[in-house]
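If you're matching positions, the sequence shown starts at 4 in the working numbering and goes up one per residue.
Treat the hints loosely; a few may be bogus.
Dumping the calculated DSSO-like pairs for lysine-lysine here, alpha-carbon to alpha-carbon at most 27 Å [as the list claims (entries may be wrong)]:
| id | residue 1 | residue 2 |
| --- | --- | --- |
| 1 | K440 | K275 |
| 2 | K274 | K329 |
| 3 | K440 | K207 |
| 4 | K440 | K274 |
| 5 | K229 | K216 |
| 6 | K229 | K207 |
Note that these hints are calculated values from the structure, not bench results.
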Amino acid sequence: MNSNGILRKHWFHVTLHFLADTTIFCLAFVVGILVRFGDSDPQLAAGSPWDHWPTFVLGAGVLSAMIYIVGLYSTHSAHRGAFERAFILLACMLASVLVVVGGSYALSAHAPGRGVMLIGSAAAYVFVLIHHVFLLHALRTARERVVYIVTSSCDELETRLFANFSGRNLELVGVIAFYGYQPTGDVRVLGRVDSIAEIVEREKIDRVLCTTKSLTNASLTRHFCKLRYSGVSVMPLIILCEEIEQYVPLELITPEWLLSASGEPQLLYIKKVKRLFDIVCSLLGLIFGAPLVALAAVAICLNSPGPIFYRQTRAGRFGREFRILKLRTMRVDAEKNGVQWSGENDPRVTWVGRFLRRYRIDEIPQLWQVLRGHLSFVGPRPERPELIQMLATEIPYYQERAMVQPGITGWAQVSYPYGASVADARRKLEFDLYYMKHMSLFLDVFILLDTVRIVLLGGAAPATRALSQTETLQEWVRAKEKEAEPLHPAELGSS
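Please construct the entire structure, taking both the sequences and the accompanying hints into account.
Written as structure tokens, this is what we have:
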């Protein structure tokens with residue numbers, strides 16, 4: 004199959020699924036009319052429901068168009084799970100049903116009827132969902148053939164990524180050498196970059212992978228443009244990692260990537276939509292969470308002497324400091340042995356505190372900071388200013404977290420377990436950077452839903468280094484204390 008054939012095949016499948024959803028929607032409302040009235044033509048005072056066929060077709064077109072816009076027809080959507088697809092399809096279905104109702108009133112001053120709308124909408128959603136379950140299965144079983152443009156020696160990271168991709172319906176056919184580089188090991192060399200067009204056609208390649216730096220090479224860029232114009236996807240390895248693994252390897256980040264990941268649309272989203280969501284939900288949370296806080300306060304007093312609330316200085320957006328307020332879950336002398344990160348099964352946590360943490364009840368007072376604008380519901384977890392300064396010397400791009408509003412929960416929290424080491428902080432940063440680039444209302448909703456799932460059903464297993472590396476952290480902090488001003492344990496606590 005040549006490059007033009009790949010392009011035609013892609014659009015054939017998109018069109019096929021587009022028409023399938025359109026047809027399913029229309030037939031579902033036909034079923035709704037037949038179930039409601041039988042095979043007779045009901046002549047109601049408001050007219051026959053069959054008169055509304057133009058609005059059924061319009062609603063079907065809107066449904067398929069929205070599904071296409073959100074990318075569910077794309078082969079790149081294979082990483083979206085069944086639950087996520089069901090939620091997106093429900094939102095698209097509700098919008099299309101509103102179009103049917105609005106269009107009916109606009110064209111004939113009456114709607115098809117509640118019974119028809121209820122039966123038709125339910126049938127349409129069920130059968131469209133079934134269609135997309137089969138589509139998801141097809142996307143996940145179809146293997147995509149890829150090649151990698153090698154401009155230097157493959158390091159351990161690239162080898163590990165390719166091993167992970169092999170389980171995600173990607174087949175690394177081989178590499179194409181640039182500047183005469185010949186890789187060692189079992190990697191198959193397909194040829195030189197000068198013959199990339201012939202290699203792509205001969206090996207039936209679907210996607211060409213490269214490094215971000217190679218996009219600045221004029222010779223390679225000419226080849227890449229020709230491939231893209233003929234329908235072959237050209238993608239930097241870091242973008243593929245975002246798409247499939249949903250995190251950003253720090254080793255692959257370039258200044259160009261950082262600039263593209265922090266554009267004005269994100270700033271507008273933070274200032275407008277997200278802030279409105281935070282205000283409404285924090286108000287509701289404070290009102291309905293007040294009884295839980297009162298009960299928790301009594302339990303804390305009975306279980307452990309000391310204050311009910313726990314205050315600590317954290318760094319917010321652009322490094323602005325604020326004081327978080329949480330229900331105390333640890334003993335008062337939790338920091339007597341020095342600075343520690345909290346891990347799973349931390350012995351400093353009281354049994355009441357363990358319950359409060361398990362169901363995130365200790366976080367309810369933080370809704371006050373969300374209402375004030377210091378925190379958001381979703382974002383990178385706020386850290387202590389002292390630890391941020393020290394981690395920034397150990398982890399590249401760590402200060403980038405300060406570009407967005409910190410949150411009570413975040414992509415790193417639902418994607419990676421409790422961490423208790425610098426290595427864990429580095430790993431979580433890779434998820435935070437992914438969120439910073441891809442933040443959207445949909446992603447925020449799914450993070451919140453995933454947080455609820457973790458609270459109710461439990462999350463991933465603890466990090467393999469969780470509590471066993473507490474001493475390592477303490478030694479690291481003490482070493483840093485010798486290089487900077489001393490930390491004050493009274494001002495520090497567990498995250």
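Results for each hint:
1. K440 x K275: holds (17 Å)
2. K274 x K329: At roughly 25 Å apart (the allowed maximum being 27 Å), K329 and K274 satisfy the hint.
3. K440 x K207: violated (32 Å)
4. K440 x K274: holds (16 Å)
5. K229 x K216: holds (19 Å)
6. K229 x K207: Holds: K229 and K207 sit about 16 Å apart, inside 27 Å.
Violated hint for the displayed structure: number 3, the only one.
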